[in-house]
Amino acid sequence: MGYDPKNPMEGRITDLGPKYYGDMLPPVIKENKGKWLYHEILEPGVLVHVSETGAKVFTVRCGSPRLVTVSYVRDVCDVADKHCDGHVRWTTRNNIEFMVDAEEKVGPLKETLKGYGNSFPIGGTGASVSNIVHTQGWVHCHTPATDASGPVKAVMDDLFEYFTSMKLPAQVRIALACCLNMCGAVHASDIAILGIHRTPPMIDHERITGVCEIPLAIAACPLGAIKPAKAEVNGEEIKTVKVNNERCMFCGNCYTMCPAMPLADPEGDGIAILVGGKVSNAKSAPKFSKLVVPFLPNTTPRWPETVEVIRNILEAYAKGAKKYERVGEWAERIGWEKFFEETKIPFTDKSIDDYRLAYDTWRTTAQFKFTSHTAAYTK
Amino acid sequence: MAKHETPLLDELEKGPWPSFVTDLKRQAETKPECWDILGQLELSYKDRITHWKHGGIVGVFGYGGGIVGRYSDVPAQFPGVEHFHTVRIAQPSGLYYTTENLRALMDLWEKYGSGVTNMHGSTGDMIFLGTRTENLEPLFWDLTHDLGQDLGGSGSNLRTPACCLGESRCEWACYDSQEICNHLTQHYQDEIHRPAFPYKFKFKFSACPNDCVAAIARSDFSVIGTWKDNIRIDQAAVKEYMADNAEYPSNGGAHKGGDWGPFDIQKEVIDLCPTQCMWMEGDELKIDDAECTRCMHCINVMPRALRPGAEKGASILIGAKAPILDGAQFSTLVIPFIEVNKESDFEEVIDVIEKVWDWWMEVGKNRERVGETMQRVGLPTFLSVMEVEPLPQHVKEPRSNPYVFWKEEEVPGGWDRDVKEFRKRHAA
Numbered sequence: 001m002g003y004d005p006k007n008p009m010e011g012r013i014t015d016l017g018p019k020y021y022g023d024m025l026p027p028v029i030k031e032n033k034g035k036w037l038y039h040e041i042l043e044p045g046v047l048v049h050v051s052e053t054g055a056k057v058f059t060v061r062c063g064s065p066r067l068v069t070v071s072y073v074r075d076v077c078d079v080a081d082k083h084c085d086g087h088v089r090w091t092t093r094n095n096i097e098f099m100v101d102a103e104e105k106v107g108p109l110k111e112t113l114k115g116y117g118n119s120f121p122i123g124g125t126g127a128s129v130s131n132i133v134h135t136q137g138w139v140h141c142h143t144p145a146t147d148a149s150g151p152v153k154a155v156m157d158d159l160f161e162y163f164t165s166m167k168l169p170a171q172v173r174i175a176l177a178c179c180l181n182m183c184g185a186v187h188a189s190d191i192a193i194l195g196i197h198r199t200p201p202m203i204d205h206e207r208i209t210g211v212c213e214i215p216l217a218i219a220a221c222p223l224g225a226i227k228p229a230k231a232e233v234n235g236e237e238i239k240t241v242k243v244n245n246e247r248c249m250f251c252g253n254c255y256t257m258c259p260a261m262p263l264a265d266p267e268g269d270g271i272a273i274l275v276g277g278k279v280s281n282a283k284s285a286p287k288f289s290k291l292v293v294p295f296l297p298n299t300t301p302r303w304p305e306t307v308e309v310i311r312n313i314l315e316a317y318a319k320g321a322k323k324y325e326r327v328g329e330w331a332e333r334i335g336w337e338k339f340f341e342e343t344k345i346p347f348t349d350k351s352i353d354d355y356r357l358a359y360d361t362w363r364t365t366a367q368f369k370f371t372s373h374t375a376a377y378t379k
Numbered sequence: 001m002a003k004h005e006t007p008l009l010d011e012l013e014k015g016p017w018p019s020f021v022t023d024l025k026r027q028a029e030t031k032p033e034c035w036d037i038l039g040q041l042e043l044s045y046k047d048r049i050t051h052w053k054h055g056g057i058v059g060v061f062g063y064g065g066g067i068v069g070r071y072s073d074v075p076a077q078f079p080g081v082e083h084f085h086t087v088r089i090a091q092p093s094g095l096y097y098t099t100e101n102l103r104a105l106m107d108l109w110e111k112y113g114s115g116v117t118n119m120h121g122s123t124g125d126m127i128f129l130g131t132r133t134e135n136l137e138p139l140f141w142d143l144t145h146d147l148g149q150d151l152g153g154s155g156s157n158l159r160t161p162a163c164c165l166g167e168s169r170c171e172w173a174c175y176d177s178q179e180i181c182n183h184l185t186q187h188y189q190d191e192i193h194r195p196a197f198p199y200k201f202k203f204k205f206s207a208c209p210n211d212c213v214a215a216i217a218r219s220d221f222s223v224i225g226t227w228k229d230n231i232r233i234d235q236a237a238v239k240e241y242m243a244d245n246a247e248y249p250s251n252g253g254a255h256k257g258g259d260w261g262p263f264d265i266q267k268e269v270i271d272l273c274p275t276q277c278m279w280m281e282g283d284e285l286k287i288d289d290a291e292c293t294r295c296m297h298c299i300n301v302m303p304r305a306l307r308p309g310a311e312k313g314a315s316i317l318i319g320a321k322a323p324i325l326d327g328a329q330f331s332t333l334v335i336p337f338i339e340v341n342k343e344s345d346f347e348e349v350i351d352v353i354e355k356v357w358d359w360w361m362e363v364g365k366n367r368e369r370v371g372e373t374m375q376r377v378g379l380p381t382f383l384s385v386m387e388v389e390p391l392p393q394h395v396k397e398p399r400s401n402p403y404v405f406w407k408e409e410e411v412p413g414g415w416d417r418d419v420k421e422f423r424k425r426h427a428a
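Chains as they are written, first to last, in the numbering used here: chain V, 1 to 379; chain L, 1 to 428.
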């Protein structure tokens with residue numbers, strides 16, 4: 001018996017929830033859960049955890065493109081069956097972790113992983129650039145201003161040496177969101193790639209009455225740029241909306257609510273770069289990422305401008321920051337004026353906040369550093 | 001044989017990072033619709049806009065969410081992606097799998113879908129990416145009947161909760177983040193599957209303030225592990241760190257690839273402590289725990305010498321969200337310390353959750369995240385709703401403006417006054 005469309009509620013099972021995690025833990029994990037004493041990163045991508053029972057578990061972490069096929073997952077299963085008694089896990093950054101219970105099992109596991117070519121690069125531990133938390137992009141979403149999988153691949157190719165090594169001052173978290181709904185971690189990452197629009201929505205008067213709940217579209221605007229209006233369609237007056245283009249900052253939230261207000265545009269759309277966010281409480285409190293590059297074009301298929309800016313920021317940080325200093329801690333210590341000088345990123349009015357609580361971000365002190373930006377004042 | 005030419009995407013087969021294009025092409029040999037995914041994506045790379053139509057409302061009977069509908073705007077060109085709905089599958093807490101379970105899930109998806117997945121979605125779900133409407137019910141039938149597993153959440157409801165790996169493989173876990181995550185996911189199945197809220201609501205559980213699941217940034221209800229007694233110090237191990245013993249690398253070996261010189265406890269630990277509550281006394285490391293804010297830095301740097309205290313629990317922070325509408329928010333500290341007990345079926349935490357929901361479901365506006373509702377009514381009102389006494393720990397700093405609300409009953413004599421009485425003492 002299977003699903004019967006004539007009796008849809010017949011035999012239906014609901015509210016099962018997920019499979020119980022405790023039934024899928026590797027034996028060494030199950031036996032030592034809550035008993036771990038310490039850990040060490042043996043080499044990039046390889047960790048050992050030591051239990052108070054003396055037991056050890058060795059973890060090999062591999063990069064993954066997140067968007068993967070059933071064939072790829074079956075490859076993962078083949079590796080886990082061969083070396084890990086059929087156990088494997090994923091991380092919160094979408095890397096894959098294979099675990100074994102003895103050091104001598106690590107080498108053969110790594111050999112097998114290398115046999116899959118580029119599929120399972122080992123790394124992502126310690127003071128590295130680990131995987132990029134990212135979104136759907138043009139592969140599945142209807143509101144993106146850029147792609148996700150493509151830019152992520154281009155950036156990770158360029159920064160690959162930092163995935164497979166641990167030579168940075170601290171871990172660097174990169175995230176991408178293809179629009180400012182920011183599904184994922186863009187608002188709190190060391191370096192963030194954000195899809196943005198620069199053109200107001202178009203209004204499809206012929207469809208709007210049929211497909212939109214107009215008050216929701218009006219309420220969707222953070223700046224009150226949308227108001228009710230009337231228009232004539234085929235000689236008939238219809239209810240629609242009007243957008244005050246001067247007040248629109250292209251967030252796209254009205255399109256989320258109303259299919260008759262599309263705004264995607266090949267030339268207008270692109271990428272903004274934000275830096276300096278973090279979620280951990282270590283040393284400094286969690287920080288939001290700040291906008292430092294307002295626009296880079298969607299140059300398919302490899303986004304060279306975006307790749308270059310990110311490498312440039314990463315290298316300036318790697319050169320200037322102290323051990324344990326996250327990108328945001330570095331930028332705040334040296335001052336944002338120095339951040340822009342060290343990274344040679346042109347400063348524009350677009351980085352100056354003008355939304356609601358903006359005043360809190362302006363400089364209300366005489367403390368600042370003279371930089372190339374103030375050259376005109378120090379001649 | 002390629003069904004569509006993909007010169008732009010072919011460029012993304014180059015380079016050392018695993019290529020989603022190469023993977024999709026291999027899958028296309030057995031799942032031809034993968035060619036249409038690639039074909040439409042290539043068109044997007046050419047046009048530099050998305051080719052998915054707006055929205056899409058599909059699902060399974062009995063549930064109000066779990067599946068994200070999606071339709072191609074060029075179905076004649078790419079019939080394989082005419083319908084391309086996403087199915088969210090509830091993931092095990094901590095993302096541990098057996099290959100038996102994974103293979104069964106992959107077989108199911110090969111049978112009913114495109115063979116493309118996301119491992120995993122940002123909220124935590126396993127994502128099955130791309131199937132047709134008529135496959136949804138049969139897929140759900142097999143998922144529940146054969147695999148004993150369920151969908152995740154979407155829409156204005158409790159979304160799929162997620163956690164760090166917690167006690168399973170971390171010495172810093174201050175509570176069992178996996179167990180509470182799983183327990184509350186099961187406890188609130190109805191709230192996950194049938195949208196009843198003003199907007200979405202997320203739970204995330206991190207077992208220490210390193211916050212490996214980013215609870216403070218990515219969940220309306222953030223449970224972050226902590227302790228209330230003293231950091232446990234192994235002075236012998238401290239000496240090993242100070243002696244630069246190779247078996248005691250700083251930060252667990254996280255900086256092995258850099259040239260940072262010999263370990264310097266003063267520079268790398270004591271001087272970086274945010275409250276300056278650590279010092280050396282002879283060759284003993286001292287911590288004034290009353291001044292410690294439990295940021296984790298010293299423990300992170302010397303994992304063999306320092307451990308979180310033994311009286312463990314969690315802080316509860318509420319209200320994180322992304323920018324839309326009123327700006328991004330981190331969660332705000334509401335409960336400084338709470339015990340996280342499996343023995344009580346997590347009743348203490350459940351009480352807090354239900355106080356938030358009882359109130360927010362009533363006063364939250366349409367599509368208003370709880371963090372925005374908190375801002376609208378103000379933190380003092382929210383704390384009184386939560387029946388929490390205001391504490392200095394609730395603020396970074398006291399307010400600087402003097403625009404203070406008082407309740408009438410707090411003021412002797414109340415607000416009902418007669419101006420004529422006032423004039424007797426103060427002529428106009």
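Hints were generated in silico from the structure; no laboratory data involved.
Incorrect hints may appear among the rest.
Each computed BS3-like pair below joins lysine-lysine, with the alpha-carbon atoms no more than 27 Å apart [what the hints assert, rightly or not]:
hint, chain 1, residue 1, chain 2, residue 2
1, V, Lys-167, L, Lys-267
2, L, Lys-53, V, Lys-239
3, L, Lys-239, V, Lys-35
4, V, Lys-283, V, Lys-369
5, V, Lys-242, L, Lys-365
6, V, Lys-283, L, Lys-111
7, L, Lys-14, L, Lys-25
8, V, Lys-167, V, Lys-322
9, V, Lys-35, L, Lys-286
10, L, Lys-200, V, Lys-290
11, V, Lys-379, V, Lys-369
12, L, Lys-407, L, Lys-420
13, V, Lys-239, L, Lys-365
14, V, Lys-323, L, Lys-14
15, L, Lys-239, V, Lys-227
16, L, Lys-267, V, Lys-369
17, V, Lys-110, L, Lys-25
18, L, Lys-312, V, Lys-33
19, V, Lys-82, L, Lys-111
20, L, Lys-200, V, Lys-6
21, V, Lys-56, V, Lys-114
22, V, Lys-82, V, Lys-56
23, V, Lys-35, L, Lys-228
24, L, Lys-53, V, Lys-227
25, V, Lys-290, V, Lys-338
26, L, Lys-228, L, Lys-355
27, V, Lys-323, L, Lys-286
28, V, Lys-283, L, Lys-407
29, L, Lys-396, V, Lys-283
30, V, Lys-30, V, Lys-105
In this text the structure is predicted, and so the values were computed from the model without any measurement.
Going down the list of hints, with the structure as the test:
1. In summary, the hint linking Lys-167 of chain V to Lys-267 of chain L is supported, as the alpha carbons are separated by about 19 Å, within the 27 Å threshold.
2. Between Lys-53 of chain L and Lys-239 of chain V, the direct Cα distance comes to roughly 23 Å. Compliance with the 27 Å bound is thereby established for this hinted pair.
3. Restraint check for Lys-239 of chain L and Lys-35 of chain V: the C-alpha separation of about 24 Å stays at or below 27 Å, so the hint holds.
4. The straight-line distance between the Cα atoms of Lys-283 of chain V and Lys-369 of chain V is roughly 25 Å, inside the 27 Å bound, and the hint therefore holds.
5. Note on Lys-242 of chain V and Lys-365 of chain L: the hinted pairing holds, with a Cα-Cα distance of about 24 Å set against a maximum of 27 Å.
6. Pair hint Lys-283 of chain V plus Lys-111 of chain L does not hold up; C-alpha atoms about 50 Å apart against a cutoff of 27 Å.
7. For the hint pairing Lys-14 of chain L with Lys-25 of chain L, the CA-to-CA distance comes to about 14 Å; that is within 27 Å, so the pair holds.
8. Between Lys-167 of chain V and Lys-322 of chain V, the direct Cα distance comes to roughly 12 Å. Compliance with the 27 Å bound is thereby established for this hinted pair.
9. Between Lys-35 of chain V and Lys-286 of chain L the alpha-carbon distance is near 25 Å, which keeps this suggested pair within the 27 Å criterion.
10. For the given pair, Lys-200 of chain L sits about 26 Å from Lys-290 of chain V by alpha-carbon distance, which is consistent with the 27 Å threshold.
11. Annotation: proposed proximity of Lys-379 of chain V to Lys-369 of chain V holds, straight-line Cα distance about 15 Å (limit 27 Å).
12. Under the criterion of a C-alpha separation no larger than 27 Å, the hint pairing Lys-407 of chain L with Lys-420 of chain L is consistent with the structure, at around 24 Å.
13. With a CA separation close to 24 Å, the supplied pair Lys-239 of chain V and Lys-365 of chain L stays within the 27 Å bound.
14. Taking the CA atoms of Lys-323 of chain V and Lys-14 of chain L, the gap is about 34 Å. The hint is violated against a cut of 27 Å.
15. Restraint check: the Cα-Cα separation between Lys-239 of chain L and Lys-227 of chain V comes to about 68 Å, which exceeds 27 Å; the hinted pair is violated.
16. For the proposed pair Lys-267 of chain L and Lys-369 of chain V, the alpha carbon gap of about 26 Å is at most 27 Å, so the pair holds.
17. Annotation: proposed proximity of Lys-110 of chain V to Lys-25 of chain L holds, straight-line Cα distance about 25 Å (limit 27 Å).
18. For the hint pairing Lys-312 of chain L with Lys-33 of chain V, the CA-to-CA distance comes to about 16 Å; that is within 27 Å, so the pair holds.
19. This hinted pair checks out: Lys-82 of chain V and Lys-111 of chain L have alpha carbons roughly 25 Å apart, not beyond 27 Å.
20. Restraint check: the Cα-Cα separation between Lys-200 of chain L and Lys-6 of chain V comes to about 33 Å, which exceeds 27 Å; the hinted pair is violated.
21. Proximity of Lys-56 of chain V to Lys-114 of chain V is assessed by CA-CA distance (about 24 Å); at most 27 Å being required, the pair is judged to hold.
22. A threshold of 27 Å between alpha carbons decides the hint, and for Lys-82 of chain V with Lys-56 of chain V the separation of about 19 Å falls inside it, so the pair holds.
23. Distance hint between Lys-35 of chain V and Lys-228 of chain L is fulfilled; the C-alpha atoms sit about 20 Å from each other, no more than 27 Å.
24. A threshold of 27 Å between alpha carbons decides the hint, and for Lys-53 of chain L with Lys-227 of chain V the separation of about 25 Å falls inside it, so the pair holds.
25. For the hint linking Lys-290 of chain V to Lys-338 of chain V, the alpha-carbon distance of about 15 Å falls within 27 Å, and the restraint holds.
26. With a C-alpha separation of about 25 Å, the suggested pair Lys-228 of chain L and Lys-355 of chain L falls inside the 27 Å cut-off, and the hint holds.
27. For the proposed pair Lys-323 of chain V and Lys-286 of chain L, the alpha carbon gap of about 22 Å is at most 27 Å, so the pair holds.
28. This hinted pair does not check out: Lys-283 of chain V and Lys-407 of chain L have alpha carbons roughly 39 Å apart, beyond 27 Å.
29. Straight-line distance between C-alpha atoms of Lys-396 of chain L and Lys-283 of chain V comes to about 16 Å, which keeps the hinted pair within the 27 Å bound.
30. Distance hint between Lys-30 of chain V and Lys-105 of chain V is fulfilled; the C-alpha atoms sit about 19 Å from each other, no more than 27 Å.
Going through the hint list in order, the structure does not satisfy hints 6, 14, 15, 20, 28.
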